[in-house]
Amino acid sequence: MTCKEIEGLLPGMIDGALPDVEMKRIETHLKTCASCRKAFADLRKCDEQVKSLEEVEPPPWLKTRVMAQVREEARQKEGIFRKLFFPLHVKVPIQALATVLIAFVAWNVYKTGEPEFRQMAPSSPAVQEATRAQAPRELAPAAGISKRDEIPATREKKAFAPPPAQVQEPAPQRAATVREETTADAEKPVERLRAAKRAAEAPKDENAWNAADAARTAEPDRALEAQARDKKQKVVKAPAGAVAKEAGKQEARPAAAPMLSAAAPPRPDLEFTMRARGPEPAAAEAESVLSQLGAQAVDRQSREGRVILTARIRTEQIEVLREKLKSIGLVQERVQVSPSPGGFLTIRIEIRPE
Amino acid sequence: MTDDEDVKAVLLCQKGEPDAFEILVERHQKRMLNVAYRMLGDYEEACDVVQEAFIAAYRAIHSFRREAAFSTWLYGIVVNCARNRIKQAKGRLRHEARSIDDPVGLQDGSLQSELPDCGESVVERLEKKEVEARVQACIRTLEPDQREVLILRDIQGFSYEEIGGMLKLPDGTVKSRLFRARAALKDCLVNVLGDWP
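Chains P and L, in that order, are what the protein sequence lines are.
In terms of my numbering, the first sequence has 17 at position 17, counting the first letter as 1, and numbering is strictly consecutive.
Start counting at 1 in the second sequence, then tack on 354, and there's your number in my numbering.
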């Protein structure tokens, strides 16, 4: 080790900051080197001087000033908090009032929208489920099983259906939309499929459209039967919501009701539109004619000044009925299905004011 | 006085009791002032720096996580404040009125003529004062980073570990800076004092 290297390490000898090996080598060197010994002695004296420097005392005002500023800082921090919540006698009533106001507005909004929430919220998923569940049931019998086999499915539909009046009446917009959708979704594909199947089964020389008409003819028969049964049960007279409440056991029921009611309106074979001065007396007259002619399942509904009669009547009695109706008022006729002898036809008589 | 007392006071401050900070001020103000005074060489300025450091510490006391001793954290703040003050007022300090232990007044002998002759003790005191002033002057000639380490280690007696914590430096850097500071101070004092007392 050279003297220059030793001088670089000597400051570390002051407080023993060097490793022991280094210390011993330096001590050995110092024994033989006078200049390095002098340098080390100067370092020691320097260290003593530094350590002997008098300490200064803090002025008494230092602590006072520091604490005054600290308390001021704390007060400012607290101030932000206080601005929000204090003074209590002002802020608490304001905040309480605001809470009450918010609660009241929330309650009011809920109350105002409650009927709509009840109508809207549960219906859509249930209707979809019911539609999905219904479609296969309708399809299966159409594939060639007898008419009687189809009846349970139709009956089930009718059990949830409101009276026909509700189907035909102009209902609130939202309900109408649901019905249209469900009718489009549920009825049309089933009908089309059924007609197509029947057309395939029909003799080759017949037109496919005739087969479809036959399908339409068959369906109202079943629908009316089901309707008559449902009337006995007084289910059809109750609104859809009431049916749902009464039943309450099957989840799909309340939501499925509007859909099902739209899915099974009886489609008449014959439609008469009659204009009379007084629709009500004319209807009463027509109703008595129907009963005279032995009509079955006579139903009467009044709406918007019109009266609608539906009934089933023997084909042979149609001509007599036509004549009797003409004597009551001005009659227009629309034939949906050509009558076949020996059977029943479904008729619909709409009596309008002149 | 232990570091536990510091921790208790710090916790109280963190809970929102500013009065507890007075304990910390009481405990550390003298040492902090001496660190600042030796770094700056001006008593009034050192007092300002200590005050500034205490306020900075109070503002940041919620961020103190007890990873190191509170004293280490606090002295780190005061060293930092003093360092900033030196940087800001470098020119001003050089040209403004001299510090309390400025040796210039002693060099021209004016101070000795003003002082009453009160016997040997006064002379001894003046001699001591003169030596101290020259030591302080030499300390001020050191590079700021060397000066910090010398003050903290040789004057205040902090350990290398504590100094490393305050200055955020590894031990090796602290030691090398300290050795250079001691060597430079020795050279300065040999030159200033001539015959070593």
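Bear in mind the hints are in silico, worked out from the structure with no lab data behind them.
If you're wondering where the values come from, they're calculated on a predicted model, not measured in any experiment.
One should not assume that every hint holds.
Cut-off 25 Å, straight-line C-alpha distance, at most; resulting in silico cross-link-like pairs (DSS-like, lysine-lysine) [claimed, not checked]:
(1) P/K91 to P/K111
(2) P/K38 to L/K482
(3) L/K482 to P/K45
(4) P/K4 to P/K45
(5) P/K24 to P/K38
(6) L/K362 to P/K77
(7) P/K31 to P/K45
(8) L/K384 to P/K63
(9) L/K441 to L/K522
(10) P/K38 to P/K4
(11) L/K369 to P/K77
(12) L/K369 to P/K63
(13) L/K483 to L/K384
(14) L/K482 to P/K51
(15) L/K483 to P/K45
(16) P/K51 to L/K384
(17) P/K4 to P/K31
(18) P/K45 to P/K63
(19) P/K63 to L/K362
(20) L/K384 to L/K522
(21) P/K51 to L/K369
These are the hints, each one checked on the structure:
At most 25 Å may separate the alpha-carbon atoms for a hinted pair to count; P/K91 and P/K111 exceed this at roughly 30 Å. For the hint linking P/K38 to L/K482, the alpha-carbon distance of about 23 Å falls within 25 Å, and the restraint holds. For the proposed pair L/K482 and P/K45, the alpha carbon gap of about 14 Å is at most 25 Å, so the pair holds. Taken as a hint, the P/K4 and P/K45 pair is honoured in the structure, with Cα atoms around 20 Å apart against an allowance of 25 Å.
Under the criterion of a C-alpha separation no larger than 25 Å, the hint pairing P/K24 with P/K38 is consistent with the structure, at around 18 Å. As the CA atoms of L/K362 and P/K77 are separated by approximately 21 Å, the hinted pair is consistent with the 25 Å bound. For the hint linking P/K31 to P/K45, the alpha-carbon distance of about 19 Å falls within 25 Å, and the restraint holds. Among the hinted pairs, L/K384 with P/K63 is consistent with the structure: their alpha-carbon atoms are about 10 Å apart, no more than 25 Å.
Restraint check for L/K441 and L/K522: the C-alpha separation of about 19 Å stays at or below 25 Å, so the hint holds. The straight-line distance between the Cα atoms of P/K38 and P/K4 is roughly 13 Å, inside the 25 Å bound, and the hint therefore holds. Annotation: proposed proximity of L/K369 to P/K77 holds, straight-line Cα distance about 13 Å (limit 25 Å). For the hint linking L/K369 to P/K63, the alpha-carbon distance of about 21 Å falls within 25 Å, and the restraint holds.
A distance of roughly 20 Å separates the Cα atoms of L/K483 and L/K384; the hinted pair therefore holds under the 25 Å criterion. Between L/K482 and P/K51 the alpha-carbon distance is near 13 Å, which keeps this suggested pair within the 25 Å criterion. The suggested pairing of L/K483 with P/K45 holds, with an alpha-carbon distance near 17 Å, which does not exceed 25 Å. Straight-line distance between C-alpha atoms of P/K51 and L/K384 comes to about 16 Å, which keeps the hinted pair within the 25 Å bound.
Distance hint between P/K4 and P/K31 is fulfilled; the C-alpha atoms sit about 16 Å from each other, no more than 25 Å. A C-alpha spacing of about 36 Å is found between P/K45 and P/K63, which places the hinted pair above 25 Å, so the restraint is violated. For the given pair, P/K63 sits about 19 Å from L/K362 by alpha-carbon distance, which is consistent with the 25 Å threshold. Distance check on the hinted pair: L/K384 and L/K522 sit about 23 Å apart at the alpha-carbon level, within 25 Å; holds.
For the proposed pair P/K51 and L/K369, the alpha carbon gap of about 40 Å is over 25 Å, so the pair is violated.
This entry does not satisfy hints 1, 18, 21, going by the numbered hints stated previously.
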